[in-house]
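Colleague: As a plain string of letters, each chain reads:
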Amino acid sequence: MNTTVESVVKELRERFGEGVEEVREFRDDVIVVLHRDALVDAAKYLRDNTDCPFPLCEDVFGIDAYERTKRFEVNYHFFSLDKNVRLHFKVRVDEDDAVVPTLTGVYPSAGWYERETFDMYGITFDKHPDLRRAYMPEDYEYYPLRKDYPLMGVPGDLPLPKRG
Amino acid sequence: MSEQSKITQDFFESPVVTSNLPPKEQRTKLLQALLDMDPDISFDDPLENDMVLNMGPSHPATHGVLRILLRLDGETIVSAMPELGYLHRGYEKIAENETYHEFITHTDRLDYLQPVHNNVAYILAVEKLLGLEAPPRAQYIRTMLSELARISSHLVGFGVMAMDVGAMTLLLWCFREREKIHDIFDLVVGARFTTSYARIGGVAQDITDEGLAAIKAFLDQFLARLDEGERLLNRNRIFFDRCRHVGVISAEDALAIGLTGPNLRGSGVAMDLRRDAPYLVYDQLDFNVITESEGDSLARYYVRLAEMKESVKMVRQCMDKLPAGPVHAHEPKKVLPRKERIYTRMEELIHDFMIVNFGVDPPPGEVYHAVESSKGQLGFHIVSRGEGHPWRLKIRSPSFCNLQALPQLLKGHLLSDILAVLGSLDPVMGEADK
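Protein chains in written order, with the working numbering: chain S, 1 to 164; chain A, 1 to 434.
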């Protein structure tokens, strides 16, 4: 692990204690698995700390782990322009309580990324100012990137306009 | 009072001011005029009402199928909201059901102005997952063609932006140059547009001397041609006035809203992954990161223009340094074998069968790899569970993220400025809608 990232992760562990559930590393990508209650404060810390600020939130997206508990995961990418390092956050939620606090208050760019995640997985972002579907029609009933949504789509899910 | 007029009365006296209704006193005046059958009703300011205008999705200046909903006060934009999804093909869903090799062709169709670059970006993420590195010659070829693709993509961004604000000639000149780059791709790759050139552990085929000669011939005349186009625009009063101080965004706002690439560098932030997080052979090349401080449409145009010249420099350096050697890594279980060997050797036949039918076998894990594409940061996040196909593939497409800044950039400008702003953001809808 890069020393800069290591010190940021250490600081996160100290500040949030139980909020940091796990730290994973694979091929130099460091993923900090957070409890959802700690997410917004952790992001604020990332943006505002002076040693290694992360001013850019690159992406937010969902993953369907397709397990009985903690079915959905929401990933976050942050990039530090000073140190040129990247850090990932991950929040895991249950299917029947798929609510994650929004990051739009900290990183405005999360707005559309969260809309896309909502559109594709049905994960709701609490206090999001404009949580509409990003790609699919407003009245679409399904969440296409869930693993139980078939590749071919659902026949008749989008009514065609009447002829003539 | 009949029921009908009761409803009308309610409507006109409703205390709730919904978005499109004129203020209450105007409504009352209008109702009174209707009741009195007075045809001469007039308001103090006829432009006081907002108008909602729908631009696109089928509009020549929206670079594809972008739809923008505009609220106008006269000709001034009060607010704008881009609506996406008209070109949504569900590539992330498709990726979960295909092997890593099969998905290469789909990356061509993401940012269709620079297919080679997308192939390379995707393959780099897969190689990071596999822990594999292509041999140096392949890396140089990839870099060279990526930079050519960047030139071709910037040429379109440059020409189309000029056309949108009224300079038709330049578009044709840019497309003439772009045509030459496509001819090079035809020679080197075998396809002009949908290249699918990169392979896991290398490239589809080695570059020939003929291909190198064609690239050299193109580079030798390109800067002079670019200069012609530049002189046409840089001294052009109309172009200048339409782009300067239009769509201004500060460095802090640009970072906060997630702009990357030339759009971010136009606001004075020197972020370029080719320098900041070098991949391919960029750490061995000498180039400058171009920034402009104004943050308006004109600054973004200048950044693109200067970046094309830097790309020319980089391609030349790659050609000088191009090492000899193989263009495929020696990893029989991960790299597709050559066709002629499949037909003659048992071992290769078995590997080919396994790779094509079951895919490569990556370790379980999550990787993210991002490159600096001509639009911004193009990244692929792969979640693997050790199967031949990704469990989840997330495409971080720069056009999608750049478009998010559009409402902010357009606010308070005139209707006709949309074209200058949109042209300078240079979104590609194939990528934004995925």
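Hints were generated in silico from the structure; no laboratory data involved.
Owing to the predicted nature of the structure, the values given are computational and were not obtained by experimental measurement.
Keep in mind that a hint or two might mislead.
What the hints assert, rightly or not - Here are the simulated lysine-lysine pairs, DSS-like style, with alpha carbons at most 27 Å apart:
#: 1; chain 1: A; residue 1: K93; chain 2: A; residue 2: K313
#: 2; chain 1: A; residue 1: K93; chain 2: S; residue 2: K147
#: 3; chain 1: A; residue 1: K411; chain 2: S; residue 2: K127
Colleague: Checked against the structure, which of the hints given earlier come out wrong?
Modeller: 1
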